[in-house]
Structures are given as C-alpha cells and as structure tokens.
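Join the two chains into one complex using the hints; note that each chain is given alone, in its own frame.
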Amino acid sequence: EPEVTQTPSHQVTQMGQEVILRCVPISNHLYFYWYRQILGQKVEFLVSFYNNEISEKSEIFDDQFSVERPDGSNFTLKIRSTKLEDSAMYFCASSPGASGGGKNIQYFGAGTRLSVL
Amino acid sequence: AQSVTQLGSHVSVSEGALVLLRCNYSSSVPPYLFWYVQYPNQGLQLLLKYTSAATLVKGINGFEAEFKKSETSFHLTKPSAHMSDAAEYFCAVSPEYGNKLVFGAGTILRVKS
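Sequence order for the protein chains is A and B. Per this note's numbering, residue 1 is the first one in the first sequence, and the count goes up by one each step. Per this note's numbering, residue 1001 is the first one in the second sequence, and the count goes up by one each step.
Bound-form chain B, shown alone (with noise of 0.2 Å):
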C-alpha cells in the first residue's frame, strides 16, 4: 500500500529563509507524488506533481521539488520565505490507476517577519 510521511507538523522560518518541507513515501511501483497547498478558510491548491518525468519539477509561487529514489523522498523547498507562503502544506501520493489520492499529515508553515 502506498503511504506518505511528512517529518515535522510545524515548521517555523524566517521571511527571506530557506523554506525545506520534508516527505518521504513509501510505495511498491513508482509513485506519482504531489505537493498541494492550503491558505486558511480555502481549498486544496496543487502546487506541483511529479509524473515520472524530469526529477527536479517547479511549481508555482517559486516553490520546487526533487523526486529522490534512492531516499524515497520528495522534499519541497523555496530559497527565499515569504510572508505570504505562510500555509498547511501537503504531499499525497496517487496510483497508476484508480483515483484516490493519499495525504500526508500536513505541515504548518510559519513565516516570521
């Protein structure tokens, strides 16, 4: 069965501070993994999904990932924090077929000015 673990339910940086958002999965056939965002009394947003392409996939609001194989991790980062990142962040991993997707637990992103 396929799983995600996200290390950390809270995560506090400084504006301008690396952002490092840990996931690791677990799963027996190659995963299809996503990042998604929520800002406060909204929806899930995708921020970005690996589909077995390139191994580094941007997404939006200067945020990326790196799909490791070796760790079994995709850790989500941005260079520079900004107030306006402050949010739950989510890792999910989908199969190949049928359509569920599987959450991690979140993160809580703190950005401190």
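Next up, chain A with everything else stripped away, as it sits in the complex (with noise of 0.2 Å):
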C-alpha cells in the first residue's frame, strides 16, 4: 500500500542552525501539507501546498518557515534558524486532491521528531 514517508525519523540541531526535513508524499496526490505537535500539546497544522505554491498557512508558519517541491517526488519543510520551541514532532501528509469537507483523505507520514538543543 502507497505511504507517505518522513526522513530523518529523528533530527538533532543546534539553536539557530538551519534544518530541512524531507517527505515522500504518495506519487499521485496533488495536495500536500505540514503539521506538527509539540510533545504534550495538540497536533497543529502549519502549511498546505497545492500546484507549486502555499495554497493556506497558520500564524505558526511564519518568516523562518519554507516550503518547497524541488522535483517530482519530495516535498521539504525548511526552518532557517531553529529556535528551542521549534522542538516537535512534524507530520507530513498528503491528499489525492482538495481535502475541505472531507473529499478526500489526508495520509500522513510516521512524523521526524526534532530536538532543538
């Protein structure tokens, strides 16, 4: 069965280092997104992205966070400089097409936990 994956599973950085965390969403989805969830808190969304460009962001997504699909199959959340609250587990998923009213599923990845030390 098709899965969206997440690499590093795990990713260690230093305060103020640049971090890039790679997914795979599954080849035939159109929609794909990043959320993640702070150990004890609730799982937030960040980002959705859609035909090459930011289709809807939160107020988390701000200035230090990028995303890109810089080839057919990856799909990359880039933070400029870390900061010890960006430590969190982010989730990848992705959707065939618009995922609103439930049209379709959103499949998420096993999530990369980073640790901002």
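Quick caveat, the hints were computed from the structure, so don't treat them as lab data. Check before you lean on any hint, since a few could be wrong.
Said to hold, decoys possible - With a cut-off of at most 16 Å between alpha-carbon atoms, the simulated EDC-like pairs for lysine to aspartate or glutamate come out as follows: (1) A:K103 x B:E1088; (2) A:K42 x B:E1088; (3) B:K1049 x B:E1096.
Values in this document were obtained by computation on a predicted structure and should not be read as measured data.
Below is the structure:
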C-alpha cells in the first residue's frame, strides 16, 4: 500500500541552525501538508501546498519556515534558524485532491522528531 | 473557529471490554469529522470519517462513531477491545473549504490483559 515517507525519523540540531525535513508524498497526490505536535500538545496545522504554491498557512508558519517541492517526488519543510520552541514532531501528509469537506483523505507519514538544543 | 475537545488523555480498558473515546466539537457550520489512530512509530491512519451522510459511521478494525448534533459529539466506540487496539487516537474536524485539519489533543488507549 502506498505510504507517505519522512526522513530522518529523528533530527537533532543546535539552536540557530537551519534544518530541512524531507517527505515523499504518495505519488499521484496533488495536495501536501505539514503539521507539528509539540510534546504534550495538539497536532497543529502549519501549511498546505498545491500546484507549487502555498494554498493555506497558519500563524505559526512565519518567515522562518518555507516549503518546497524541488522535484516530482519530494516535499520539504525548511526552518531557517531553529529555536528551542521548534522542538516537536513534524508530520507530512498528502491527499489526492482537496480535503475540505472530507472530500479526500489526508494520508500521514510517521513523522520527524526535531530536537533543538 | 472550529475546535475539538477530547475528554481523557488516557483511557485504560480490559481486553474484551467496551472502548469509548470521547470527542466534542465546536463548529458554527456543519462539521466534517474524523478519527485517526497512531500506532507506535507509525503515521496517523484514518479510522473513519463523518461527512453529513449517515450519523453512525463504521470504520476499520471494528470501530464506529456516532455523530450527535444535539450534543456536538462524535464519540468513538468498539464493543470489544483487543490488545492490538493500544494506540493514540485523535479526533479532528475539517472545514468545508480549505484543507487544514484541526485536531484534538489525543487519547492514549491502553488495553490490559
């Protein structure tokens, strides 16, 4: 069964460093998402991406964050200068079409745990 | 704004007992509701979804959920718990337009033998 894959499973970085989290969405999917879960808190939406541009973003997704689909298979989340509070589990998801109204299911990866020291 | 509240961060049941995981939503418009499950070291997997058709929704692995508008609830149930059901369960709501899911805090289900 096709699945969303995320690498690495755990990333440790020093405060102020740039990190890139990588995701390979399901191959025929058109919509891509990033969510994060800070330890002990809710899973929070960060951004959705369609047709090579951001379609929606939350207030969390500030100028420190960017997303890119550099080729036909990868979808990346970059954090330019990490802060301690960026430590969280980051989930990538994809859907075959727009998911509003429950029209299409979002399929999630296993997550990347980011630890900022 | 839409929001979801899951009552009980941890629920413990005996194998074979009824599983009841609670979810209440807040939405000014008809909601689209989901239950996801996360097994250790795996991604979030969709269990079931409510999209304004039947109010009783059946999902995978014997789970079902009932949408009750009067109670703004979408509780998840399973008649008989199995050891393999031990996982974290998330309730989520989606807008009609736009693509973000709004999640509850999650409930960790423990199944005792």
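Checklist entry - Is K103 (chain A) close enough to E1088 (chain B), meaning Cα to Cα at most 16 Å? => result 24 Å, violated
Checklist entry - Can the restraint linking K42 (chain A) and E1088 (chain B) be considered satisfied, given a maximum Cα separation of 16 Å? => result 12 Å, holds
Next on the checklist: Does E1096 (chain B) sit within 16 Å of K1049 (chain B), going by the straight-line distance between their CA atoms?
Outcome noted: Judged against 16 Å, a Cα distance of about 14 Å means the pair holds.
Going down the numbered hints, you'll see the structure goes against just number 1.
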